[in-house]
Each structure stands twice: as C-alpha cells, then as structure tokens.
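K.L.:
Numbered according to my numbering, the sequence shown terminates at residue 566, and the numbering increases by one at each position without gaps.
FYI, nobody ran anything at the bench for these hints, they're computed from the structure. Since we're looking at a predicted model, the values are computed, not measured. Misleading hints may appear alongside valid ones.
[As the list claims (entries may be wrong)] Label pairs and their in silico Cβ distance ranges: (1) 160 to 416: 34 to 42 Å; (2) 297 to 472: 41 to 49 Å; (3) 276 to 73: 19 to 27 Å.
Using N, Cα and C, we set each Cβ at its ideal position, and we do this for glycine too.
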Amino acid sequence: MIRATFSGFSTAFSALQASQKRLDIVGQNLSNMNTQGYTRQQLETSSLNYSNPISRYMNGSQIAVGFGVSMDKVSQIRDPYLDAQYRAQINKSGYSDTLQSALDTLSKALDESSIDGIRTAFDDVQSTLTNLQDKGNDSVYESELRSRMQSLTNLLNDAARQIEAAEKAELSKLDGTGTSEQGAVDKVNDILRQIGNLNHQIKQNQVLGQQSLELLDERNNLLDELASYIPIEVTYFKDAEHDGKMKVPGSTDIVDAPKELYNYDSKGNIISRKEWPDDLKVELVYRDTTDPEGTTQRLTLINGTEGTLGSNYGKLTPVDSNPADPTAVSIQFTPASSSGETSKKASATGIQLASGSIQASLDMLGKKGTGDPVATGSSVQDDVRGYQYYMKRLDELASHFAKIMNDANAEGGQGKLLTNRTDPAADITALTIGISKEWVNGTVQLGKKDGSSKDTVLSMLNNMKKTHAELGNKSFADYMNNVSTILANDSSSNINALKTNVTVLNSIQDSRDSISGVSLDEEASNMMTYLSAYNAASRLMTALDEALNTLISGTGLVGR
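Could you build the full structure based on these sequences and the hints that come with them?
P.N.:
Structure follows, in structure tokens:
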C-alpha cells in the first residue's frame, strides 16, 4: 500500500494538541485546588476515523488506521446522584440546625438544671409558708411571703418575655425585620434570581460553543445553598423548541417533532443529532395539608430559560409578618410565571416542606405540639413543640397558681393577692402575673379566720404540696420541672439528629470531593503522564519528518 504522504503528521499533531490541552487543564485544576466549589475538569476525547478512502492505492479498509485524536470538549467530573443526595441531606441538616438554635434560645429561659429559677422560687414560697404557719399574724413573715411571691412572678414574667423575644427573633430570621441582615426569604429570593439569570447566561454561552464551566460551578454552589433553606428537586430538560415535541395548531394535541432533534441532508436523511444545551429546572417539594394521603407535590421555582429574563424564576413572600404576633406568619411561594402554576402558602397549617431551615422556623412559630392533625383530615401532625407550646405551659402554671392562692385567701375574707399587673380585670398569664396593688399597699392581707391567718396559710401550703388535675396531676414545682425536662429531651433528641445529619452530610461531601475535588497527587501523576505523551508525540513527529526526508531526498540517489 502506498499511503498518503503527510497522513501521519496530522495524527502526531492531534496528539500534541491533546496532550498540550490536557496539561493546560491540569494547570487549571491545580490553580483552583483550594477554590470553594470548584469542580475538577477533564478533556473528553475520541478517536478520529476516516469516512472516505485516504488513498487511491489502498489494499482495503481492513488495514486502515485512524487520523489521531479528536478533542471533543472540556467537561466537569461530577456525579448527579451524589449532588441530589447532598442537597437532600443539607436540607435535613438545615432543619435540625435551625430547630436547635431555637431550642437553645428556649433553654436560656426554661432550663433550670444549673441555675435557680422558677422551680426554686416555688420551693421558696412553700418554705416561707411552712415557717409562717406557726407565726400567726406576724407581718414580717407575711412581708417575706409577698417578697417570695414577687420573685416568683418576676421569674415567670421574665421567662415569658424571653419566649416572646425568641419568637420575634425567629420572625426576623425569616423576613429580616428589625435587623440589618437579610432574612431567609430575602436570601432565597436572591438565590433564585441569581440561578435564573445564570441559566440564561450559561445557555447563551453554550449555544456559542463555550462550556462556561466556572458559571456551572457558581450555579451548583447556589443550588447547594438553596437546598439548606427549602427542599428542592433539580432536573435538566430541553426547552420547548428543542424537546422533540410540538403542539398541533388549533389543538391541544402534542405530536413528535423530530426536526427539532436532528439535522437532515437535502434528501431528508438524518446526518446528525442537534447539540442543544439543557435547561435547568428547580422545583419545590412539599405536601399539601388538605391532602389526606400526604402525596408529595412540586412547584416550579426556576423554569430553565423559558419566558423572558425575570419570568423564569419565582419568589417567596412573607404573609401576615407582624412582630406583634410572629406566630401568624406564613410564606407564600410564587412559581416562575412561565410555568403557569399557582402560588402555594407554607405555614404551620399550610403546605408542609419536608425539611429545611424555613420550615423549622415556621414549625417553631406556628406549631403547638398537640399531636393532632394540623388541619381536618390532614395526614400532617402538629408534632413540634414550638414557642407557643412552652408559652402555654407557663400561662397554665401562672394562671392556676394565682387562682389557687387567691381562692385560699378569699376563704379568709380577703381580696386577691395575685392579679394581672397590667389589667387587674383581665386573665392572668405568665407575662402579666404580678402582686396585686392592694396587697402591696396593705388594703389586702392574708385571709383570717377567727382573727388568725393560720388556716389560710395551711390551705396555701397544702395546695403547694398536692397535685392538681389542671397541671397534669403534678404539683406546681413538679410541673415546672416537667416543662424543663420536656425541653431538655427535645433538645437532646434534636442534637442527636443534628449530629447524625451532619455526619452523613460530611460523608456525602467526602464522596463528592473524591470525584469532583482536585487531588494534588492525582494531578501530579496526570501531569507526568501527559508530559510523557507530549514528548512521545513530538518524537513521532520527528520520526515522520526523518522518514519523509529520506523519502524525498534519498529516493533515486542510488545509481546516479
């Protein structure tokens, strides 16, 4: 066979180019080894083969050799399955972390394991009553009792105020009110806007043949961050003009449109598949509380590049966001307008997100830990003991304690010792309980029978010791101890869940890093491999040059 004179040079030249490009990529990987969110890049290649005879005098195609290597594209090394796992796990971690932050705040008001608090104040009142029963009408001991009760009411007031402050702080985490920082809603809206704009920018670049790998890294980082706030599902699809489907004019029927997918020659034969970049869709994953089956549903928050810029992504809006009543807040999810879907509202009784920091805040603000369905016929349970649960427990304690003490004093012919300090005619809560003005100024005293307050004191003392059905068959002190224990158990359980979630998250991240991260050892090994390949291709080019020189310069010299 007589081969084409310069055919081997193109093979050697393509090998030189491929090796040089691989060395360039190694340099890019190494330079971004410590860049947050950078994905390792690689050169995708394929072997070049011939489609037509390369020589008139070939002996047949059985001994034909290809034309070298084709550099197809530079791509990222990622595992979509690990990405989905990571985002699902960071969503769980975001929920547990936000919930733990709220429980830690509550523990500052209600955890009495290491400090003297409300439980100790009840014990002090009981101790004072024990001393007072033998002192008759001693005004000094009555003054001590009033002081002990004042300390108790102050502690109840302070605990209630701390819970109210925690509720307002939780609301600020959502909507950013009263703080210079962005709330979770604003952060999510900013992320949605950035991803929506990146979708357009990436697609425009890819249509022009630019891979935009760094922009893909930026988008993936934003998707990871978004997943910590809300549960999302990420999918890739072709836009309406390149998905191989079309709507029949004047009808709702959808038919195949192969011309959107393939290139044809003049005779109508398929010659290649169209290379059109994928769009990225982000959907919110939720359950509707009105659905008895609890079916998982989806709402499109980012709809690729469909529609005009700005209509391809949705937004979140706080509803009933009022610092005066933080527990009424809900979050409205508005889908991308190009999707044609309707808005949904998330709250303690609205749609339920699987997890995420936003749902954790909504649960702490809106749920009461009753264990009942959040709505009639709903499969979703009110299973989170939030701020309202602990406030209600304190209110029940304060109200019943005031009633028992006032009733005992009324039996002795005297007025109320404990009232609502802001409005004496209103109901008593943990926030409003206080010593009555009449007891302070002396117009009301401990009740007396037969000229002695002993019976009144004994009645109060017995009520301090005994259990009360209204308090779950617990004494006042034990009831408060039970509240602290429940909070401690909730916190301990959530800490274990958080540790587990973080451990699993780190494990998935390690797996992602092993695939997508830059390894110094691996890149150094690749560098040596590609350098050797480059040197070999150079030697091949030199050898071919020497052979061609012999052919051109030396052929026919013998016999001259």
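K.L.:
State for each hint whether it applies.
P.N.:
Cross-check of the supplied hints:
no.: 1; hint: 160 to 416: 34 to 42 Å; in the structure: violated, 24 Å
no.: 2; hint: 297 to 472: 41 to 49 Å; in the structure: holds, 47 Å
no.: 3; hint: 276 to 73: 19 to 27 Å; in the structure: holds, 24 Å
Checked against the numbered hints given earlier, the structure breaks only hint 1 and satisfies all the rest.
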